[in-house]
Amino acid sequence: MNINLRFGLQRDKEIIRNLQRKIDGLVIPAHILAYQAPVTAAFLSSFANMPFIIDPMTYLLQHSKDDLTNNAGDLRASIAKMCNEYHFDIAKKLTGNRQLGPSNIPNAKHFCNHVYDYQNSVEEKANTKKAIKKYLDRYGKGNSFTPRFIISPYFKFDSISDPWYTLSLNMGKMMQTICSEKGDGLDAGVIIFLSANNLDDGEIEKIASDYESFSHIIPWFDGFDEMDIQPATIVNARKIVSKLSGFAEVEILYSGFLLMTTAAEGAKAVSHGLTYSQHKSFGVTPGGGGMPERYYIPKFRAFRSLSQTDNIFHMRRELMCHCPVCDELLQGNPDNIVLFADEPEKLREHFINVRRQEADDMESFNRQSLVTELRSVYDTYHNLISKLPNPDAFLSGSNMRGLEYLNFWADGIERAI
Amino acid sequence: MTLKVPMKTGKTETKGRKISEKRIVDVLISYLRDNNHVKREVRHYEKSIDVVAISLNGDELCTVEVKTQNWKKAFRQAFVNLAVADRSYVAMYSKYAHRVDIEMLREHGIGLYSVGSAWGNVELLEEANPSRYTNRITNQRIKGQIIGDNK
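First to last, the sequence lines map onto chains A and B.
Each residue of the first sequence is one higher than the last, beginning at 1065 in the numbering used here.
Each residue of the second sequence is one higher than the last, beginning at 1056 in the numbering used here.
Here chain A stands alone, though its shape is the one from the complex (with noise of 0.2 Å):
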């Protein structure tokens, strides 16, 4: 299986080109392009072989205006320079007073038009400026600019009758036109952003012959927070990746260590970023403040808290990682974990490392075998677990304190689909 790192901080660039020969692509969001399109366009540039797509982000179109805007009522800088390359008013519409519906998106041909232009002119973002030729001549012009297939514009639905939904199947068939015309032998694909916890049988198989001319698919499952998830969900997840496996090319956008199992439904390739984003909603998440440093317990397919994970492995030494980055830090010693404080980019390195294990072993998945290990660690650590606080409480909402999550997920790996 493989993994495509999404990026998302400009201060990330150095740990990720260290860390290119474990990941398969980037996957660059339009807007984060857009910003500071140089600089990114050099990054992208300065990897040897490096594929990538580019997110085009059109969903943030439907969010209300306070999502968008900073404290004096602009329009985020990124995202109303991403606007202003897709088309010329769109940026004034986000501003007004009306949320956008699907009739105050572009013309598709016009708009598909644009999003193709752009996510295929990285070279010229790139040469735009003379300081980024300082970059390029450091690390070499070694990468193709051009993106594995361009993503078409697409839009969060609720069901397959909502506008929404048919309005992003318009702009796949679109684009799969507009690369037809272009003939420069991109292919179109798709993001379908969808609910996993909504879908009926008979709406997945609507979906999927609808959707049955692509050959690359990407399902995002909206707010799959596989921290507090339900075994129904789980197996429509699988149900989905399932039937559109049987004709494209599917690869998940943000995916923890519970969807990488969907490869056993035929999913090809996840993606997420440095020890975050291994799921998102369709709410914008509030800036400011930055997250907290954390660390990715194998074992648990799950991140902790730095102090939460210092006490785990001091009551359980068993659970220490041993990947390269681990086993030269900590050098067997709990204590250690605190070099993690001080060194955080090593957090992702390893995070990186066990992530690459996790998506090799994907080649040769045993529904039985994980399905019994992950009651394993269950029944082993539960009890020490669940008297620790709920890191993930105040993002999610979620209960769960223990490891009840790899209870359900066993059970919604398990079922016959």
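Be a bit skeptical, because a hint or two may be false.
Derived, one-sided and incomplete: chain A residues facing chain B with beta-carbon distance under 8 Å [what the hints assert, rightly or not]:
hint, residue
1, Arg1368
2, Leu1370
3, Ser1371
4, Asp1374
5, Leu1383
6, Leu1394
7, Gln1395
8, Gly1396
9, Asp1399
10, Ala1405
11, Pro1453
12, Gly1466
Taking CB as the label site, the calculated pair distances span [said to hold, decoys possible]:
hint, chain 1, residue 1, chain 2, residue 2, range
13, B, Gly1175, A, Pro1388, 47 to 57 Å
14, B, Lys1102, A, Arg1085, 32 to 42 Å
15, A, Gln1084, B, Ile1202, 37 to 47 Å
16, B, Arg1196, A, Gln1074, 29 to 39 Å
17, A, Ile1224, B, Arg1154, 48 to 58 Å
18, B, Ser1103, A, Asn1135, 22 to 32 Å
19, B, Asp1089, A, Asn1134, 44 to 54 Å
20, B, Ile1202, A, Gln1395, 26 to 36 Å
21, B, Ile1202, A, Arg1380, 24 to 34 Å
22, A, Arg1085, B, Asn1112, 49 to 59 Å
23, A, Asp1265, B, Glu1162, 46 to 56 Å
24, B, Asp1089, A, Arg1081, 20 to 30 Å
25, A, Asp1153, B, Arg1196, 50 to 60 Å
26, A, Asn1447, B, Ser1103, 25 to 35 Å
These are computed hints drawn from the structure, not numbers from a lab.
Predicted model only: the values in this text are computed from it and were never measured.
Glycine residues also receive a C-beta, built at the ideal position from the N, C-alpha and C atoms.
Assemble the complex: chain A is given as a structure, and chain B must be docked to it using the hints.
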């Protein structure tokens, strides 16, 4: 996604007056200061420990998590603190200290203070056992930080 932010007043009604968590911390610190270097809100990774007391000879570092009513929340924090403290305690407002499940604290070697609103009104209801899980590096760092501050 709904961002859930728990309502946190840190105050408890008592005879028409409210007792704040801060008042309990003040009373406790005043009591501990006789024999310890004491500091409140001590950074430990991403979180803060309510009170840290270090014996005057620098040998022992004790942590205290303070709550007016919610002893379970204090227990969870005190449980995390086992990885930095030589001894870890919970401190509760005296009116509600009887609600604490002493057996649960005892099982994990966590101690309990009962703290009233008046100066000196502090009682050690359960002594903590020495932690078997102390991270010596973070323990020494916090000792150095607090003793250094008090010099």
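Evaluated hints:
Violation of the interface hint for Arg1368 (chain A) is found here, the shortest Cβ-Cβ separation to chain B being roughly 10 Å, above the 8 Å cut-off. For Leu1370 (chain A), the interface hint holds, the least distance from its beta-carbon to any beta-carbon of chain B being 4 Å, beneath 8 Å. At a threshold of 8 Å, the smallest CB-CB gap from Ser1371 (chain A) to chain B is about 4 Å, leaving the interface hint in force. The criterion of a C-beta within 8 Å of any C-beta in chain B is met by Asp1374 (chain A), whose closest approach is roughly 4 Å, and the hint holds.
Interface restraint check for Leu1383 (chain A): the shortest CB-CB distance to chain B comes to about 13 Å, outside 8 Å, so the restraint is violated. Interface hint at Leu1394 (chain A): violated, since its Cβ lies 12 Å from the closest Cβ of chain B, which is beyond the 8 Å cut-off. At about 12 Å, the closest approach between the beta carbon of Gln1395 (chain A) and any beta carbon in chain B exceeds 8 Å, and the interface hint on this residue is violated. A distance limit of 8 Å between C-beta atoms decides the matter here; for Gly1396 (chain A) the minimum to chain B is near 14 Å, and the interface restraint is violated.
With a cut of 8 Å, the hint placing Asp1399 (chain A) at the interface with chain B holds, because the nearest CB-to-CB distance is about 5 Å. A hinted interface residue such as Ala1405 (chain A) counts as satisfied when its beta carbon comes closer than 8 Å to some beta carbon of chain B; here the least separation is about 6 Å, so the hint holds. A least Cβ separation of about 5 Å between Pro1453 (chain A) and chain B falls short of the 8 Å threshold, and the interface hint therefore holds. Residue-level restraint check for Gly1466 (chain A) is violated (minimum Cβ-Cβ distance to chain B is 11 Å; threshold 8 Å).
In this structure the hint that Gly1175 (chain B) and Pro1388 (chain A) lie 47 to 57 Å apart at CB holds, the actual value being about 55 Å. A hinted range of 32 to 42 Å holds for the C-beta pair Lys1102 (chain B) and Arg1085 (chain A), which are about 35 Å apart. Taken as a hint, the range 37 to 47 Å holds for the pair Gln1084 (chain A) and Ile1202 (chain B), whose Cβ atoms sit roughly 45 Å apart. Between Arg1196 (chain B) and Gln1074 (chain A) the beta carbons are some 31 Å apart, a value that agrees with the proposed interval 29 to 39 Å.
For the hinted restraint 48 to 58 Å between Ile1224 (chain A) and Arg1154 (chain B), the CB-CB distance of approximately 52 Å keeps it satisfied. The beta-carbon spacing between Ser1103 (chain B) and Asn1135 (chain A), approximately 28 Å, falls within the hinted interval of 22 to 32 Å. Separation of Asp1089 (chain B) from Asn1134 (chain A) is about 52 Å and conforms to the stated range, judged on CB atoms against 44 to 54 Å. In this structure the supplied range 26 to 36 Å holds for Ile1202 (chain B) paired with Gln1395 (chain A), their Cβ-Cβ distance being about 28 Å.
About 32 Å separates the C-beta atoms of Ile1202 (chain B) and Arg1380 (chain A), a value consistent with the hinted range of 24 to 34 Å. Arg1085 (chain A) and Asn1112 (chain B) have their C-beta atoms about 52 Å apart, which keeps the hinted 49 to 59 Å range intact. The hinted window of 46 to 56 Å between Asp1265 (chain A) and Glu1162 (chain B) holds, with their beta carbons roughly 49 Å apart. Against the hinted window of 20 to 30 Å, the Cβ-Cβ separation of Asp1089 (chain B) and Arg1081 (chain A) comes to about 56 Å, which falls outside the hint.
With their beta carbons about 57 Å apart, Asp1153 (chain A) and Arg1196 (chain B) fall inside the hinted range of 50 to 60 Å. For Asn1447 (chain A) paired with Ser1103 (chain B), a C-beta distance near 27 Å keeps the hint of 25 to 35 Å intact.
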